[in-house]
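Protein chains in written order, with the numbering used here: chain Z, 1 to 271; chain A, 1 to 435; chain L, 1 to 291.
Rather than coming from a laboratory, the hints here were simulated on the basis of the structure.
Watch out, some of these pointers could steer you wrong.
[Unchecked claim] In silico PhoX-like links for lysine-lysine, alpha-carbon gap of 25 Å or less: (1) Z:Lys8 / L:Lys151; (2) A:Lys375 / A:Lys399; (3) A:Lys305 / A:Lys315; (4) L:Lys100 / Z:Lys101; (5) A:Lys427 / Z:Lys217; (6) Z:Lys37 / A:Lys388; (7) A:Lys297 / A:Lys239; (8) Z:Lys37 / L:Lys208; (9) A:Lys399 / A:Lys331; (10) A:Lys305 / A:Lys207; (11) A:Lys297 / A:Lys154; (12) A:Lys297 / Z:Lys37; (13) A:Lys373 / A:Lys91; (14) A:Lys297 / Z:Lys128; (15) L:Lys189 / Z:Lys3; (16) L:Lys63 / A:Lys427; (17) A:Lys91 / L:Lys189; (18) A:Lys331 / Z:Lys128; (19) L:Lys208 / L:Lys234; (20) A:Lys399 / L:Lys234; (21) A:Lys427 / A:Lys399; (22) A:Lys207 / L:Lys128; (23) A:Lys315 / Z:Lys128; (24) A:Lys388 / A:Lys239; (25) A:Lys337 / Z:Lys55; (26) A:Lys305 / Z:Lys217; (27) A:Lys315 / A:Lys204; (28) A:Lys297 / L:Lys234; (29) A:Lys373 / Z:Lys55; (30) A:Lys204 / L:Lys100; (31) L:Lys234 / L:Lys100; (32) A:Lys154 / A:Lys207; (33) L:Lys189 / Z:Lys37; (34) L:Lys128 / A:Lys209; (35) A:Lys399 / L:Lys189; (36) Z:Lys4 / L:Lys128; (37) A:Lys209 / A:Lys305; (38) L:Lys189 / Z:Lys4; (39) A:Lys315 / A:Lys331; (40) A:Lys86 / Z:Lys217.
Just so it is clear, the structure is predicted and the values come from calculations on it, not from any experiment.
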Amino acid sequence: MAKKRIGKVFTYLFLICLALIFLVPVFYVFYNSLLPKRYIGTFVPPDVWSFDNYKELFSEFPIMRWYGNTALSTVAVVAGNIFFTPLAGYALARLRFPGRKAIFLCLMLSMMIPGQLVLLPQYIMMAKAGMVDTLWAITLPYLSQSMFIFMSRQFFYGIPEELEEAARIDGLGRFGTYFRIVLPISGVLLATIAIFNFTGTWNSYLVPSTFISSADKYVLVVGLQTVNNQHFQQENLTLAGVVLLSFPVIGFFMFTQKFFVQGIATAGLKG
Amino acid sequence: MKKVLALLLVLLMAASFAACGQGGSNSSTPSSKTEDNESSEAQDSSQTSSEGNSGEVVTISMGGWGEFQDEHEPGTAGMEEAIGVKVEFQKYPTDAAFWDNLPAQIAAKTAPDFISLTNELYLPYINDGLIVPITNYIDDGTISCWDMVGQNLKDIWEVNGEVYGIPYRQTPAVFAINMDLWNEAELTEADLPETWDDVLDACKVFKDKLGMPGLCFNTQEYHFTQYCLSYGGGWDLGKTIDTPENAAALQFVIDAYRQGYVVTPKELGVSYDGNVVMSGDAAMSTGGTWYMGDFRKNAPDVQVKYIAVPHAEGKEDACGTLHAPCLSVLKGGSHEKETAMAINYMMMSDSYAENLIDLGYIPADPDFFDEFKEKQPELASLVDAVPKSNGFGYPPAGKKFADALISKMEEALFNSDSTVTGAQIVKELQEEFGE
Amino acid sequence: MRRQEAVAGWIFVLPAVLFWLIWFLYPALKAVSISFFQYNYATPETNMFVGLANYARLFQDPKFFTALSHSFLMVAVVVPLQTLLSFAVAVLLNGPIRFKGFYRSSCYIPYVISAMAVTIFFMYFFLKGGPASSFFAMLGLENVSWFASTKYALAFLMIVYVWQQVGFYMVIFIGALQEVPLELYEAAKVDGANAWQRLTRITVPMIKNTTYLVLTFGMINAFQIFDQIAAMSKQSPLGSPSGATSTLVTFLYQQSFSYMDMGYGSAAAVVLFLIIFSLSAVREVLGRRSD
Chain Z
1 MAKKRIGKVF
11 TYLFLICLAL
21 IFLVPVFYVF
31 YNSLLPKRYI
41 GTFVPPDVWS
51 FDNYKELFSE
61 FPIMRWYGNT
71 ALSTVAVVAG
81 NIFFTPLAGY
91 ALARLRFPGR
101 KAIFLCLMLS
111 MMIPGQLVLL
121 PQYIMMAKAG
131 MVDTLWAITL
141 PYLSQSMFIF
151 MSRQFFYGIP
161 EELEEAARID
171 GLGRFGTYFR
181 IVLPISGVLL
191 ATIAIFNFTG
201 TWNSYLVPST
211 FISSADKYVL
221 VVGLQTVNNQ
231 HFQQENLTLA
241 GVVLLSFPVI
251 GFFMFTQKFF
261 VQGIATAGLK
271 G
Chain A
1 MKKVLALLLV
11 LLMAASFAAC
21 GQGGSNSSTP
31 SSKTEDNESS
41 EAQDSSQTSS
51 EGNSGEVVTI
61 SMGGWGEFQD
71 EHEPGTAGME
81 EAIGVKVEFQ
91 KYPTDAAFWD
101 NLPAQIAAKT
111 APDFISLTNE
121 LYLPYINDGL
131 IVPITNYIDD
141 GTISCWDMVG
151 QNLKDIWEVN
161 GEVYGIPYRQ
171 TPAVFAINMD
181 LWNEAELTEA
191 DLPETWDDVL
201 DACKVFKDKL
211 GMPGLCFNTQ
221 EYHFTQYCLS
231 YGGGWDLGKT
241 IDTPENAAAL
251 QFVIDAYRQG
261 YVVTPKELGV
271 SYDGNVVMSG
281 DAAMSTGGTW
291 YMGDFRKNAP
301 DVQVKYIAVP
311 HAEGKEDACG
321 TLHAPCLSVL
331 KGGSHEKETA
341 MAINYMMMSD
351 SYAENLIDLG
361 YIPADPDFFD
371 EFKEKQPELA
381 SLVDAVPKSN
391 GFGYPPAGKK
401 FADALISKME
411 EALFNSDSTV
421 TGAQIVKELQ
431 EEFGE
Chain L
1 MRRQEAVAGW
11 IFVLPAVLFW
21 LIWFLYPALK
31 AVSISFFQYN
41 YATPETNMFV
51 GLANYARLFQ
61 DPKFFTALSH
71 SFLMVAVVVP
81 LQTLLSFAVA
91 VLLNGPIRFK
101 GFYRSSCYIP
111 YVISAMAVTI
121 FFMYFFLKGG
131 PASSFFAMLG
141 LENVSWFAST
151 KYALAFLMIV
161 YVWQQVGFYM
171 VIFIGALQEV
181 PLELYEAAKV
191 DGANAWQRLT
201 RITVPMIKNT
211 TYLVLTFGMI
221 NAFQIFDQIA
231 AMSKQSPLGS
241 PSGATSTLVT
251 FLYQQSFSYM
261 DMGYGSAAAV
271 VLFLIIFSLS
281 AVREVLGRRS
291 D
């Protein structure tokens with residue numbers, strides 16, 4: 001019993017250290033974002049702390065507009081991926097149809113090609129379609145990402161088939177089985193896709209900085225790059241910008257956490 | 001095994017598709033080109049007619065990044081009424097976001113009509129045809145301001161007999177000194193350096209009295225070039241890379257760094273030398289008059305003195321670079337003539353030049369020199385340095401050369417075991433980039 | 001029945017395939033074909049077919065081989081490290097622990113912050129005399145700014161990268177661990193298996209699919225690191241200092257974008273693709289054999 005308790009103490013100590021390693025830099029950023037430029041990187045008493053950096057960001061740059069653009073494109077992309085990719089992943093894992101293997105291989109290939117390579121050909125296509133410098137350019141091509149199809153396929157391989165068979169005996173078609181039986185027990189998958197996709201899209205820089213070139217259509221990451229002058233670095237504003245950028249994503253993660261808990265619940269029921 | 005075979009098949013298919021695609025686009029190139037010609041002719045004719053009835057306003061765009069709009073907007077005041085051209089400013093997030101995608105933008109016809117281009121790494125853009133020569137607009141009188149540009153600026157912007165842009169301002173290199181630190185180290189005005197040896201003496205004082213490096217050295221081609229020129233060297237478009245002067249200049253930097261007299265912005269995690277001088281991590285740095293505006297905005301209480309870049313012993317005539325950005329027309333715009341008109345209008349506008357003076361820049365037109373001296377007394381001596389200053393003279397490889405130079409110097413400075421010498425560096429560069 | 005299944009299958013994958021065809025296949029083929037050309041988008045009139053010349057050039061370019069070796073080193077160090085770490089953390093956090101949500105969130109938070117931002121503030125820690133570099137100096141390393149040292153810059157990159165990615169793979173592992181039926185563990189306990197045996201004999205085989213996923217993602221992503229390097233390089237050439245952090249992706253970016261040598265950069269990208277592809281294929285074949 002004593003041995004067990006010591007083990008527990010060590011586990012918690014380890015976990016606390018772990019949490020510190022991950023959290024200290026994050027808090028350090030937040031702390032620094034409260035300081036005027038000349039105090040950055042030093043420890044000063046709380047009376048110097050202020051939200052001036054944030055005020056300056058909001059008053060000098062269209063932050064709300066950039067938030068809006070980012071949120072709009074991110075939500076659209078996440079919605080697309082949550083709908084399209086489990087659908088394809090399910091078919092690739094469960095349904096037998098000609099071309100299945102070829103399709104899977106092709107999708108895999110597209111994960112292996114560095115994104116930088118296809119950036120400019122995509123740009124030219126978009127220009128022809130009149131999509132350059134609109135939010136379409138950073139939304140439409142990313143509605144179905146191979147990475148999540150792959151993830152879904154692996155997920156569906158892992159869940160037992162009996163449930164679907166039972167449903168089909170009850171007379172549900174393929175679509176009915178998928179939407180009524182399979183999707184409701186795929187909370188973990190959907191939450192995982194949502195979290196990763198949300199994070200990736202929210203923070204992506206290269207794509208929006210290539211496809212969008214007017215300030216009122218910037219997403220937040222790109223807009224924050226313009227906070228620095230041509231030469232001068234405004235670390236204080238940059239840090240405040242990082243906080244503004246990150247906290248919606250952290251919030252989103254906390255929110256989707258719940259679905260993981262639900263995931264456990266359904267898995268328990270199922271077993 | 002089957003899967004691997006399938007993959008190979010897919011690859012083969014891909015390759016054959018690609019070949020077809022390429023063939024198709026190749027054969028279509030000439031036809032699309034003729035289309036372009038036709039459409040631009042059509043535009044030419046519509047232009048002449050629009051000039052005739054002067055009712056229509058043509059909108060063109062100027063691309064840039066940072067605070068470029070503050071610099072250029074005053075030049076466009078009243079342009080719409082005067083010549084029927086309206087300039088819109090298109091702000092790119094960063095300079096990289098602009099340059100990296102410029103070829104694709106030109107191909108997709110989404111590029112701005114004109115930009116401000118500096119005379120540093122400009123040759124690849126000119127040689128690759130991204131910048132349109134404007135010689136014919138000077139010949140036909142659309143651009144009349146070329147004559148008022150000083151001769152050394154003309155030399156910079158005339159490449160292979162064609163003019164590629166109209167310079168609007170010029171900045172000789174300066175040596176900036178944080179006087180707060182200077183005084184703290186108990187140095188006086190009389191100690192202000194004239195030679196690099198003087199700089200080293202000051203560095204010793206900083207090291208002994210304040211325990212800090214005195215000199216900030218930014219590992220960027222601009223700063224390397226100042227050192228080389230002040231040693232009587234320079235690149236001369238790649239003809240004179242491997243010279244004893246250049247070797248000695250780079251060796252000076254390496255030695256001073258090894259002795260702990262130098263700090264680089266890179267090690268402090270910043271990219272701009274002005275940051276270092278402002279934050280007081282070093283007292284001296286090579287720089288330009290853009291320091292003025294930056295300091296006024298970000299560190300108004302720091303006292304800075306701007307003097308001529310020091311020179312090597314016995315090289316009193318050596319002078320630094322002339323940073324001379326110009327307004328250049330980009331390829332692929334559909335309003336070339338209007339763009340030329342707009343550039344000319346801006347250059348002829350007094351409010352443009354006066355705004356530049358307020359920002360601490362010397363306008364390209366010598367008529368404004370006296371006004372500049374009057375309004376910016378601390379920088380007045382720079383005006384006299386203009387005629388002596390040089391272009392950067394980078395080899396035609398442009399950025400590739402600059403990156404190679406930086407990489408080699410980074411190896412010499414940031415690898416504590418490195419034995420690389422200045423002489424080795426210039427020799428290797430000459431082999432790769434010499435003309 | 002069969003036909004119905006086939007039709008349903010095609011309808012299910014159709015949207016994904018359409019997106020793939022339009023937004024991936026066409027641009028990718030275009031890019032691959034560019035690798036056989038001397039190519040600049042802005043000057044179609046001077047683009048020229050050069051056959052395999054770009055590839056031949058690659059194999060004589062020492063910078064390419066430096067980049068290649070860094071990419072491999074990156075993958076070889078980072079993938080095992082992040083997989084083991086994230087698996088260990090996931091197993092711990094899947095156990096009977098209080099405040100699970102808190103620990104999970106703190107591991108995941110680094111991943112949600114933009115890679116550029118993470119790199120920038122890690123640079124504060126690894127400044128000369130900064131907390132992290134001082135700590136490592138006590139262990140006998142040089143007290144320098146890691147990101148500006150040709151010796152330590154790559155290690156710095158790996159630390160930043162792993163720190164940020166562990167949370168990502170942890171989430172995937174936790175998802176998988178939750179799908180393992182608890183009865184299996186109960187049964188094993190009854191049979192007298194200890195914790196280690198339960199881990200290696202039940203957990204590891206049960207989440208095989210996920211481990212495969214994590215390794216594949218890990219490898220593909222580690223080959224494609226870019227944002228962190230770009231943030232480290234700032235106004236210096238990509239892969240600074242002195243190419244110490246250059247990888248295949250920065251190499252191809254530099255050639256295609258900074259030097260406007262599209263054909264050459266695309267050739268490097270094709271080589272990178274072939275490497276990832278053959279590694280995946282080898283893994284696939286080996287995996288089959290061990291089954």
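>> Checking each numbered hint in turn, tell me which of them this model violates, lowest number first.
In response: 1, 2, 4, 5, 6, 7, 8, 11, 13, 14, 17, 19, 23, 25, 26, 29, 30, 31, 32, 33, 35, 36, 39
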